[in-house]
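Enquirer: Throw the hints in and build the complete structure from the sequences for me.
Number of protein chains: 2
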Amino acid sequence: MADTSTKNGRGATNGQPADRARVWGGIDLGGTKIEAVVVDARGEVLGRARHPTPAKGGPGEVVKELYGALGEAAQTAGIEPAKLAGVGVGAAGAVDANSGTLAHTSNVAGGWDAPYPLASDLGDLVGGSKVVLGNDVQVAVAAEYKLGAGRNYRSVLGVWWGTGVGGGLVLNGVPWRGQGSAGEIGHMVVKPNGARCGCGRNGCLEAYAGRACMESKARAAAKKGEKTLLFDIMREKKRTRLSSGVWARALKDKDPLATRLIDRAIEMLGTTIASVINLLDVEAIVLGGGLGSRLGPLYMGRIQDAMHPHLFITERKPAMHIAELGDLSGAIGAALLAGPQM
Amino acid sequence: MADTSTKNGRGATNGQPADRARVWGGIDLGGTKIEAVVVDARGEVLGRARHPTPAKGGPGEVVKELYGALGEAAQTAGIEPAKLAGVGVGAAGAVDANSGTLAHTSNVAGGWDAPYPLASDLGDLVGGSKVVLGNDVQVAVAAEYKLGAGRNYRSVLGVWWGTGVGGGLVLNGVPWRGQGSAGEIGHMVVKPNGARCGCGRNGCLEAYAGRACMESKARAAAKKGEKTLLFDIMREKKRTRLSSGVWARALKDKDPLATRLIDRAIEMLGTTIASVINLLDVEAIVLGGGLGSRLGPLYMGRIQDAMHPHLFITERKPAMHIAELGDLSGAIGAALLAGPQM
Chain A
1 MADTSTKNGR GATNGQPADR ARVWGGIDLG GTKIEAVVVD ARGEVLGRAR HPTPAKGGPG
61 EVVKELYGAL GEAAQTAGIE PAKLAGVGVG AAGAVDANSG TLAHTSNVAG GWDAPYPLAS
121 DLGDLVGGSK VVLGNDVQVA VAAEYKLGAG RNYRSVLGVW WGTGVGGGLV LNGVPWRGQG
181 SAGEIGHMVV KPNGARCGCG RNGCLEAYAG RACMESKARA AAKKGEKTLL FDIMREKKRT
241 RLSSGVWARA LKDKDPLATR LIDRAIEMLG TTIASVINLL DVEAIVLGGG LGSRLGPLYM
301 GRIQDAMHPH LFITERKPAM HIAELGDLSG AIGAALLAGP QM
Chain B
1 MADTSTKNGR GATNGQPADR ARVWGGIDLG GTKIEAVVVD ARGEVLGRAR HPTPAKGGPG
61 EVVKELYGAL GEAAQTAGIE PAKLAGVGVG AAGAVDANSG TLAHTSNVAG GWDAPYPLAS
121 DLGDLVGGSK VVLGNDVQVA VAAEYKLGAG RNYRSVLGVW WGTGVGGGLV LNGVPWRGQG
181 SAGEIGHMVV KPNGARCGCG RNGCLEAYAG RACMESKARA AAKKGEKTLL FDIMREKKRT
241 RLSSGVWARA LKDKDPLATR LIDRAIEMLG TTIASVINLL DVEAIVLGGG LGSRLGPLYM
301 GRIQDAMHPH LFITERKPAM HIAELGDLSG AIGAALLAGP QM
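Taken in order, these protein sequences are the chains called A and B. Oh and the first sequence: position 113 is 113 in the UniProt record's numbering, straight run, nothing missing. Oh and the second sequence: position 313 is 313 in the UniProt record's numbering, straight run, nothing missing.
By construction, these hints were calculated from the structure, which means they are not laboratory data. Take these hints with a grain of salt, some might be off.
[Stated by the list, open to error] Pulled from the structure, derived: some chain A residues nowhere near chain B, Cβ distances all over 10 Å: (1) Lys33; (2) Ala82; (3) Asp121; (4) Gly167; (5) Ala182; (6) His187; (7) Lys191; (8) Ala220; (9) Lys237; (10) Gly245; (11) Glu324.
[Unchecked claim] If you want the footprint, here are the derived chain B segments under chain A, 3+ residues with CB under 8 Å: (12) 58-71; (13) 215-227; (14) 243-252.
The beta carbon of each residue, even a glycine, is placed where N, CA and C say it ideally should be.
Expert: Set out below in structure tokens:
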């Protein structure tokens, strides 16, 4: 077996043939973009590519685009896709890892509801590599645990604060998936009979802290005549949604509506995270996602302040860190799902 | 090695010598009583004894009484305490399993705050057996997982509904203790800025569902002039506290105050359990504790009704069962902690 490792610990690099047994592909299927990487046994990124998620055409088009992004990443890494030891795909929606199907992909514009055999379809295109599916947030948290902000701990709660509020758990070194759907911290109830959530229920954390729900509240308030800079900033930034950057700017400008909604989000995040700590007593929290990455550095201390009054074990406050792998955490985590044991 | 097993699967019984390598002691240190058992490698109870918990005298008296109960259980099983392969103790309070100390035993009348070396003191009396400590609810849930209502599942949430609301987790066959203090479902926040809890915080599940907190509310309501049968039933039953039996009787008699408080407890239990399911996606819930055992058979369906509207994965409702090992779950679980691998 060829040894592709070099002194600095990196594997094969561009243009050099990579050893099939030791190179994996990872793809993060997001609502707007597809991130693909090829990594070595240490999780080092050897190649990467980003493609837009097809807005129409259904699962067939999405699979083609996943393959396109993977092929480009593989090319950069100097390997044929068919020679990858395995390929992982992280996606939002209902992932059935055993059957390799993905259903309820509501975040993908050209998405679908019924279970679609994504793993076998992509596997046919890739040829020879085994394709495995995982939940996008779960794999991102696993990547942070192995290679990022959680690497110094054995048990980690990942909180992905973005359009929704996702979660992932690593317990004693092993990702905890339950029966496949663990980690839905965003749908823990933080206030009985509380605010309406995008999921149709009431009082979920996501109803207060998810970007989509906060945007709904901001639009309703603006419609009622409440003054806010949020939508001016949105137009100025040529956006159609209140992106993390829009919120960050409005907060910087001390917009009262943005401040009030974010204050409430922080309070509810802190309260819910404290509940999870009381239940699981994990060592550390990793805060990721669009809002987590953007606002975390400034607001992490306030989330901790909101947690502390609710912690049952007061003398042992869990560590909190901002995710470190950025946009690639999902793709790297998906690749780790496919095989590299570290 | 002598084979102590017989055809019906039971180990050594009364009066017969038991094999040292295969017999363990377990003790449940409760607020009012100490339960001790001696079990074989299958968890079968070979001997048992119940002693009252000393109301004064501090840790020294408690250790003596633990030993007294253990000795009596061992005698019934026909073994010298010194010949036990190991002894486990389950206790409420702050257990440090590594150092073998117990602190903050607020539920024990003659209790103490500072860490006390319970394991080594009891070990000195027992002689030869290694004594290990565990949290009372965690070990009871582990016993239900191995031998009781959770035996058909790999991942279980135990909810111990009694004076307080305790919890225990078994995840993929392994008790999850976090850094030692996992399972505090009673101190998950079910209502921000909600009712005052015995722990001094606000809005904990226990503030609504714990028997002690419900009793405080009932006393306050009665003091304000609200009519209730609760305290008449208490006196009739010659109790000084609203025991599970008192609540059961008042509910049967349709006492409005008891009904209102229990309705609220059920609603909050269901809501919080649903939040845990959304986070952990375990297969089953085991409901134990004084109120859980007493009211569970009648009210379990209502707790499930309160859960269901909050479950994120609606097509997969977790199973719920009432604990099966009764008063002995804690003592058996403590014995399992000491060694028998099943």
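Enquirer: Which of the numbered hints above does this structure break?
Expert: 4, 5, 6, 7, 12, 13, 14
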